[in-house]
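Chemist: Letter by letter, the chains look like this.
Number of protein chains: 2
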Amino acid sequence: MNFNEKMFELGNHGSAIRELFEYGNKRRKIVGDENVFDFSIGNPSIPAPLIVNETIQKLLNEKDSVKLHGYTSAPGDIVVRSKIADYLNKTYNANVDKDRIYLTCGAAASLTISLNALLNPGDEVIVFAPFFPEYRVFIEKAGGKVIVVNEADDLTINFTDLNLKLSDKTKAVIIDSPNNPTGAVLKEDVIIKLSKLLKEKEKEYNHEIYLISDEPYREIIYDDIKYPFVTNYYDDSIICYSFSKSLSLPGERIGYIIVSSNMKDSLSLYKAICGSGRALGFVCAPALFQYLVGETIGHTSNINEYKKNRDYLYNALKDLGYTLVYPDGAFYLFMKALESDAEAFSRRALKYDLLLVPSDSFGVKGYVRLAYCVSYDMIKRSIDAFKKLKEDYDNEK
Amino acid sequence: MNFNEKMFELGNHGSAIRELFEYGNKRRKIVGDENVFDFSIGNPSIPAPLIVNETIQKLLNEKDSVKLHGYTSAPGDIVVRSKIADYLNKTYNANVDKDRIYLTCGAAASLTISLNALLNPGDEVIVFAPFFPEYRVFIEKAGGKVIVVNEADDLTINFTDLNLKLSDKTKAVIIDSPNNPTGAVLKEDVIIKLSKLLKEKEKEYNHEIYLISDEPYREIIYDDIKYPFVTNYYDDSIICYSFSKSLSLPGERIGYIIVSSNMKDSLSLYKAICGSGRALGFVCAPALFQYLVGETIGHTSNINEYKKNRDYLYNALKDLGYTLVYPDGAFYLFMKALESDAEAFSRRALKYDLLLVPSDSFGVKGYVRLAYCVSYDMIKRSIDAFKKLKEDYDNEK
Numbered sequence: 001m002n003f004n005e006k007m008f009e010l011g012n013h014g015s016a017i018r019e020l021f022e023y024g025n026k027r028r029k030i031v032g033d034e035n036v037f038d039f040s041i042g043n044p045s046i047p048a049p050l051i052v053n054e055t056i057q058k059l060l061n062e063k064d065s066v067k068l069h070g071y072t073s074a075p076g077d078i079v080v081r082s083k084i085a086d087y088l089n090k091t092y093n094a095n096v097d098k099d100r101i102y103l104t105c106g107a108a109a110s111l112t113i114s115l116n117a118l119l120n121p122g123d124e125v126i127v128f129a130p131f132f133p134e135y136r137v138f139i140e141k142a143g144g145k146v147i148v149v150n151e152a153d154d155l156t157i158n159f160t161d162l163n164l165k166l167s168d169k170t171k172a173v174i175i176d177s178p179n180n181p182t183g184a185v186l187k188e189d190v191i192i193k194l195s196k197l198l199k200e201k202e203k204e205y206n207h208e209i210y211l212i213s214d215e216p217y218r219e220i221i222y223d224d225i226k227y228p229f230v231t232n233y234y235d236d237s238i239i240c241y242s243f244s245k246s247l248s249l250p251g252e253r254i255g256y257i258i259v260s261s262n263m264k265d266s267l268s269l270y271k272a273i274c275g276s277g278r279a280l281g282f283v284c285a286p287a288l289f290q291y292l293v294g295e296t297i298g299h300t301s302n303i304n305e306y307k308k309n310r311d312y313l314y315n316a317l318k319d320l321g322y323t324l325v326y327p328d329g330a331f332y333l334f335m336k337a338l339e340s341d342a343e344a345f346s347r348r349a350l351k352y353d354l355l356l357v358p359s360d361s362f363g364v365k366g367y368v369r370l371a372y373c374v375s376y377d378m379i380k381r382s383i384d385a386f387k388k389l390k391e392d393y394d395n396e397k
Numbered sequence: 001m002n003f004n005e006k007m008f009e010l011g012n013h014g015s016a017i018r019e020l021f022e023y024g025n026k027r028r029k030i031v032g033d034e035n036v037f038d039f040s041i042g043n044p045s046i047p048a049p050l051i052v053n054e055t056i057q058k059l060l061n062e063k064d065s066v067k068l069h070g071y072t073s074a075p076g077d078i079v080v081r082s083k084i085a086d087y088l089n090k091t092y093n094a095n096v097d098k099d100r101i102y103l104t105c106g107a108a109a110s111l112t113i114s115l116n117a118l119l120n121p122g123d124e125v126i127v128f129a130p131f132f133p134e135y136r137v138f139i140e141k142a143g144g145k146v147i148v149v150n151e152a153d154d155l156t157i158n159f160t161d162l163n164l165k166l167s168d169k170t171k172a173v174i175i176d177s178p179n180n181p182t183g184a185v186l187k188e189d190v191i192i193k194l195s196k197l198l199k200e201k202e203k204e205y206n207h208e209i210y211l212i213s214d215e216p217y218r219e220i221i222y223d224d225i226k227y228p229f230v231t232n233y234y235d236d237s238i239i240c241y242s243f244s245k246s247l248s249l250p251g252e253r254i255g256y257i258i259v260s261s262n263m264k265d266s267l268s269l270y271k272a273i274c275g276s277g278r279a280l281g282f283v284c285a286p287a288l289f290q291y292l293v294g295e296t297i298g299h300t301s302n303i304n305e306y307k308k309n310r311d312y313l314y315n316a317l318k319d320l321g322y323t324l325v326y327p328d329g330a331f332y333l334f335m336k337a338l339e340s341d342a343e344a345f346s347r348r349a350l351k352y353d354l355l356l357v358p359s360d361s362f363g364v365k366g367y368v369r370l371a372y373c374v375s376y377d378m379i380k381r382s383i384d385a386f387k388k389l390k391e392d393y394d395n396e397k
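For the record, the sequence lines run as chains L and E.
Going by my numbering, 170 is the number at position 170 of the first sequence; the sequence numbering is gapless.
Going by my numbering, 208 is the number at position 208 of the second sequence; the sequence numbering is gapless.
Be a bit skeptical, because a hint or two may be false.
Here are the computed distance ranges between Cβ atoms for each label pair [as the list claims (entries may be wrong)]:
#1 Lys63/L with Asp341/E: 37 to 45 Å
#2 His207/E with His207/L: 36 to 44 Å
#3 Glu204/L with Glu339/E: 57 to 65 Å
#4 His207/E with Lys63/L: 34 to 42 Å
#5 Lys336/E with Lys90/L: 54 to 62 Å
#6 Gly143/L with Asp154/E: 40 to 48 Å
#7 Asp33/E with Glu204/L: 55 to 63 Å
#8 Lys63/L with Gly298/E: 24 to 32 Å
#9 Asn120/E with His207/L: 24 to 32 Å
#10 Thr323/L with Gly14/E: 39 to 47 Å
#11 His207/L with Gly14/E: 27 to 35 Å
#12 Gln57/E with Arg347/L: 43 to 51 Å
#13 Gly143/L with His207/E: 22 to 30 Å
#14 Glu22/L with Asp64/E: 31 to 39 Å
DSS-like, lysine-lysine: derived pairs with alpha carbons at most 25 Å apart [as the list claims (entries may be wrong)]:
#15 Lys390/E with Lys380/E
#16 Lys63/E with Lys29/L
#17 Lys351/E with Lys307/E
#18 Lys67/E with Lys29/L
#19 Lys308/E with Lys318/E
#20 Lys67/E with Lys308/L
#21 Lys29/L with Lys98/E
#22 Lys67/E with Lys58/L
#23 Lys6/L with Lys264/E
#24 Lys26/E with Lys67/L
#25 Lys165/E with Lys145/E
#26 Lys63/L with Lys351/E
#27 Lys308/E with Lys58/L
#28 Lys390/L with Lys308/L
#29 Lys29/E with Lys67/L
Simulated from the structure, these hints should not be mistaken for laboratory data.
Glycine included, C-beta positions come from ideal geometry on N, C-alpha and C.
Using the sequences provided together with the hints, build the complete structure.
Modeler: If you want it as structure tokens, here you go:
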């Protein structure tokens with residue numbers, strides 16, 4: 001092979017999630033759609049709110065074609081950025097500056113652009129198990145080293161281990177709230193505690209430690225939880241956002257990066273982000289969808305549908321005797337496997353056509369992830385399969 | 001600065017083209033829109049064909065929201081890829097395989113994804129002066145070294161210098177036809193000659209030399225010229241395409257990569273491209289615009305408008321005594337500066353509110369680029385300014 005072997009490996013071995021999803025597609029053809037219980041993939045099942053298509057129609061009718069489909073400035077249309085800043089400042093009592101927002105092709109792009117702007121070869125980036133597996137891919141491609149903090153008892157932040165893992169080489173820390181795969185939201189007290197620790201370490205090491213907050217599920221929170229907006233708590237913070245989940249537009253690739261305006265080097269880092277987006281080939285975020293999110297800011301899909309799914313699935317599985325992490329948000333349920341080997345458990349679940357992602361690729365052992373962004377009917381039909389799976393294990397005792 | 005300095009530099013110093021464009025925006029406010037003759041930027045001035053907005057309407061009306069706006073597979077929707085392959089095979093008598101097409105967020109993404117898939121640190125990539133300045137940014141970010149082949153007399157390919165610059169370290173060669181900034185099309189005999197030389201060198205060095213053909217202007221050719229489709233001539237070729245210019249959709253970010261199916265390692269390189277797209281954070285190309293280009297394949301904006309511009313501008317400037325490269329395609333005119341220092345010439349042109357990009361950033365000296373994707377009226381109004389600029393120099397003699 002005369003080209004880049006690492007890139008080949010990444011293309012050759014898809015993620016465990018994708019592989020399970022493809023298996024499900026094959027099974028459907030054999031046993032029928034209604035008999036496969038596919039909890040593998042985080043693809044929103046709720047349609048975009050009606051205002052999305054209505055607004056696209058309006059933009060097509062009212063805006064001149066050359067302007068509508070033309071290049072915007074590289075960081076994104078300034079009117080759209082103003083609307084996003086105004087909305088966030090009103091909603092979270094925040095201090096977001098339109099000139100520190102950089103519109104992107106979604107959360108993955110937000111992360112890669114930020115990481116490539118931040119990292120120099122050998123820099124360390126801390127992630128908390130369980131974490132979204134692509135973090136590893138993005139960090140390593142940007143030249144960084146992944147440092148995994150072991151899972152906490154409640155699967156949020158293990159501060160004892162974090163303290164051990166922070167070092168002079170730590171350039172950034174990534175948090176993800178609501179979390180994929182657990183659905184847990186980092187509450188205000190946790191963000192305060194984290195900020196305090198990072199500030200101490202910044203002083204100790206005499207350099208910045210950037211807090212990257214990956215927030216594609218920010219609007220998908222079910223109960224009455226106050227979402228702590230990180231730039232209000234920690235100056236050296238960067239927010240990576242996507243409209244994929246909140247507006248059910250995952251294919252359209254639209255999101256943003258916010259550089260905290262309280263950061264000392266705020267403008268310089270923002271420029272590095274512009275440079276990074278340029279060098280990675282992003283040019284600008286898709287123009288029509290920039291205008292769309294500007295016009296529809298504050299709207300979301302009908303999140304209550306996911307809540308209905310969560311409540312039903314969580315309670316039904318609990319009643320069957322499964323051990324679960326209670327999800328505050330996102331559309332994932334993290335469930336303890338019935339044996340220590342999550343991959344073996346996931347394989348046995350396939351006997352009942354239950355597609356559950358083993359937790360190993362998320363950096364923890366002994367769990368499976370259920371993506372419940374699926375139809376309510378499928379969830380109801382799946383309970384009998386979960387019952388059989390449980391009995392299968394019970395009968396072995 | 002505690003982050004990546006190179007990315008900061010790229011964000012801090014925009015391109016010369018962008019800077020001139022911003023200057024034009026300021027001048028317009030002072031002397032009025034109609035008195036600024038802005039030839040700085042390659043932003044299509046012709047609207048997208050009507051079928052574009054009609055098709056978007058149709059997709060919104062007919063396609064289920066979850067499917068329309070949902071993730072596609074990472075390389076792009078398979079039906080869309082089939083349509084693109086069929087169209088290209090019919091049009092160019094080519095051998096494009098739908099499973100070797102990877103849909104991207106435009107030509108810049110096509111290039112960065114391809115380069116990151118190909119390059120290992122220290123690999124050399126050859127470009128031909130004059131070349132699109134962002135090539136340098138993309139190649140260096142992907143870990144490669146830029147090797148510039150000096151300009152030929154006709155500003156296409158200088159084979160003598162190419163022969164000297166090819167080496168055991170050459171991983172790839174980038175061509176760009178129709179060319180930005182000259183508008184020249186590489187004719188079939190040139191592609192045959194280039195392929196022959198590269199094949200010889202592949203044998204000599206006993207490894208592949210990939211030919212990357214950057215073709216965003218492929219459909220913008222005015223005269224009766226046969227476009228040589230590179231995969232028909234050279235097995236180790238990769239095509240980087242964008243619909244930005246042909247459909248006047250530069251802001252929407254939609255294009256593709258084709259890996260030649262005649263390549264020995266075709267599937268492996270395709271997988272490396274999938275891995276590279278993943279690691280750079282692209283996920284998938286914007287879904288709505290994937291379906292759009294599938295439905296409208298073969299359509300273009302009204303290219304005749306650019307031809308009208310070319311003919312008028314070329315002839316008028318020639319009549320004034322300027323020396324010009326005759327452009328076969330794209331929407332750029334490359335004109336000899338009236339002094340050896342192109343930047344000084346460009347500055348003097350500003351006296352007459354003529355915005356012309358000096359050729360230095362394209363890797364050659366003594367020329368300016370005129371982007372004539374502007375209104376016909378502006379071109380007509382500008383001729384008097386070009387006349388005064390010429391007289392200004394003539395009076396010095």
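Chemist: Determine for every hint whether it applies to the structure shown.
Modeler: Against the structure, the hints:
1. Separation of Lys63/L from Asp341/E is about 42 Å and conforms to the stated range, judged on CB atoms against 37 to 45 Å.
2. Between His207/E and His207/L, the C-beta spacing of about 42 Å keeps the proposed range 36 to 44 Å intact.
3. Distance hint check: the CB atoms of Glu204/L and Glu339/E are about 58 Å apart, consistent with the given range 57 to 65 Å.
4. For the pair His207/E and Lys63/L, the beta carbons lie near 50 Å from each other, so the given range of 34 to 42 Å is not met.
5. Distance hint check: the CB atoms of Lys336/E and Lys90/L are about 56 Å apart, consistent with the given range 54 to 62 Å.
6. At about 41 Å, the beta-carbon gap between Gly143/L and Asp154/E stays in the expected band of 40 to 48 Å.
7. Judged by the Cβ atoms, the range 55 to 63 Å given for Asp33/E and Glu204/L holds: they are separated by roughly 57 Å.
8. Separation of Lys63/L from Gly298/E is about 26 Å and conforms to the stated range, judged on CB atoms against 24 to 32 Å.
9. At about 31 Å, the CB distance of Asn120/E to His207/L agrees with the hint of 24 to 32 Å.
10. A hinted range of 39 to 47 Å is violated for the C-beta pair Thr323/L and Gly14/E, which are about 55 Å apart.
11. A hinted range of 27 to 35 Å holds for the C-beta pair His207/L and Gly14/E, which are about 28 Å apart.
12. Checking the proposed 43 to 51 Å range against Gln57/E and Arg347/L shows it holds: the Cβ atoms sit about 47 Å from each other.
13. Our hint of 22 to 30 Å for Gly143/L and His207/E holds, since their Cβ atoms are close to 26 Å apart.
14. Between Glu22/L and Asp64/E the beta carbons are some 21 Å apart, a value that contradicts the proposed interval 31 to 39 Å.
15. Taking the CA atoms of Lys390/E and Lys380/E, the gap is about 16 Å. The hint holds against a cut of 25 Å.
16. Among the hinted pairs, Lys63/E with Lys29/L is consistent with the structure: their alpha-carbon atoms are about 23 Å apart, no more than 25 Å.
17. With a C-alpha separation of about 28 Å, the suggested pairing of Lys351/E with Lys307/E is violated against the 25 Å cut-off.
18. With a CA separation close to 19 Å, the supplied pair Lys67/E and Lys29/L stays within the 25 Å bound.
19. Proposed proximity of Lys308/E and Lys318/E is supported: the alpha carbons are some 15 Å apart, at most 25 Å.
20. In summary, the hint linking Lys67/E to Lys308/L is supported, as the alpha carbons are separated by about 22 Å, within the 25 Å threshold.
21. At most 25 Å may separate the alpha-carbon atoms for a hinted pair to count; Lys29/L and Lys98/E meet this at roughly 23 Å.
22. Between the alpha carbons of Lys67/E and Lys58/L the distance comes to roughly 21 Å, so the proposed pair stays at or under 25 Å and holds.
23. Straight-line distance between C-alpha atoms of Lys6/L and Lys264/E comes to about 19 Å, which keeps the hinted pair within the 25 Å bound.
24. Distance hint between Lys26/E and Lys67/L is fulfilled; the C-alpha atoms sit about 19 Å from each other, no more than 25 Å.
25. A hinted pair counts as satisfied when its Cα atoms are at most 25 Å apart, and Lys165/E with Lys145/E qualifies at roughly 12 Å.
26. Restraint check: the Cα-Cα separation between Lys63/L and Lys351/E comes to about 34 Å, which exceeds 25 Å; the hinted pair is violated.
27. Taken as a hint, the Lys308/E and Lys58/L pair is broken in the structure, with Cα atoms around 33 Å apart against an allowance of 25 Å.
28. In summary, the hint linking Lys390/L to Lys308/L is supported, as the alpha carbons are separated by about 23 Å, within the 25 Å threshold.
29. Distance hint between Lys29/E and Lys67/L is fulfilled; the C-alpha atoms sit about 19 Å from each other, no more than 25 Å.
Checked against the numbered hints listed earlier, the structure breaks hints 4, 10, 14, 17, 26, 27; every other hint is satisfied.
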